[in-house]
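Q: Sequence:
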Amino acid sequence: MRRRQPPAVPPVPFSPAAARAHRAGLGLTPEQVVEGMAAHGVRLVPAHVLGWEGGELRPAEEEFIALARALWCPPAQLMGVRPARLRDFRVARELGQENAARRIGMPLPHYQRAEATDRWDGDEEQTHALARVLGLTLRELVAVTGRRDELDQRLRQCVDGRWQAQVRAIGRIVPVHEEDLAAVLAVLQNENQVSSHWGAGSWGSPAPAARHSAGREQPLDERFWELLGRRDTEIPV
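Residue numbering for the sequence shown follows our numbering, starting at 403 and increasing by one per position.
The set of hints was computed from the structure by calculation and includes no laboratory data.
Be aware that a few hints might be false.
[Claimed, not checked] Simulated DEER-style distance windows between Cβ atoms:
| hint | residue 1 | residue 2 | range |
| --- | --- | --- | --- |
| 1 | N592 | P412 | 37 to 45 angstroms |
| 2 | R521 | Q434 | 40 to 48 angstroms |
| 3 | P412 | D562 | 36 to 44 angstroms |
Using N, Cα and C, we set each Cβ at its ideal position, and we do this for glycine too.
Make a model of the complete structure from these sequences and hints.
A: See below:
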């Protein structure tokens, strides 16, 4: 039986125009760039630099990090887009997989699987460390760990039922203090209950979550992030 191959991971995002602009801004030749990369352990020829800048080639992960160091710029600036995957955020911090896994406190194979599948199964402590090590905001953390849908389902359960039953589950997705989550979820449920009663003809005024913007209600998850952003969380929203 043929062994199933792991899914191919797309190359690191790379902007040829950004690489050309940074090199030109420093007044460096391709030869000088490869000399700078060699100082960081990556030995290539000037044709590689020209191939990257022309879009014919794409740098591998180690090459990408060495190029950013040789051009004295944050790796994210060479991506041309905001990091969107766990791997991209790691590379933007100039970390290899082994180093990242060690700092997060996770076995290397587990971390590698998370990058390959875009699914995260770390515990609360590891999730908190992931955000700290990769410099993620809470929104970015939820996105790169593949937990957006789960968060949305949990928030809907808070509105429809008892929010107290969801605090710990949501805390595993969004690593903030329980008292902050409790305060936000209580407001979220109260607003939606008031909104429902008001919409049915009861007295009172519409709560903020029920106010319309361009004819649409504010999405539940957006209201959650808005409320959480008002709290003094250790990891920024």
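Q: For each hint, tell me whether it holds in the structure or not.
A: So, going through the hints one by one against the coordinates:
no., hint, in the structure
1, N592 / P412: 37 to 45 angstroms, "43 angstroms, holds"
2, R521 / Q434: 40 to 48 angstroms, "42 angstroms, holds"
3, P412 / D562: 36 to 44 angstroms, "38 angstroms, holds"
Of the numbered hints listed earlier, not one is contradicted by the structure.
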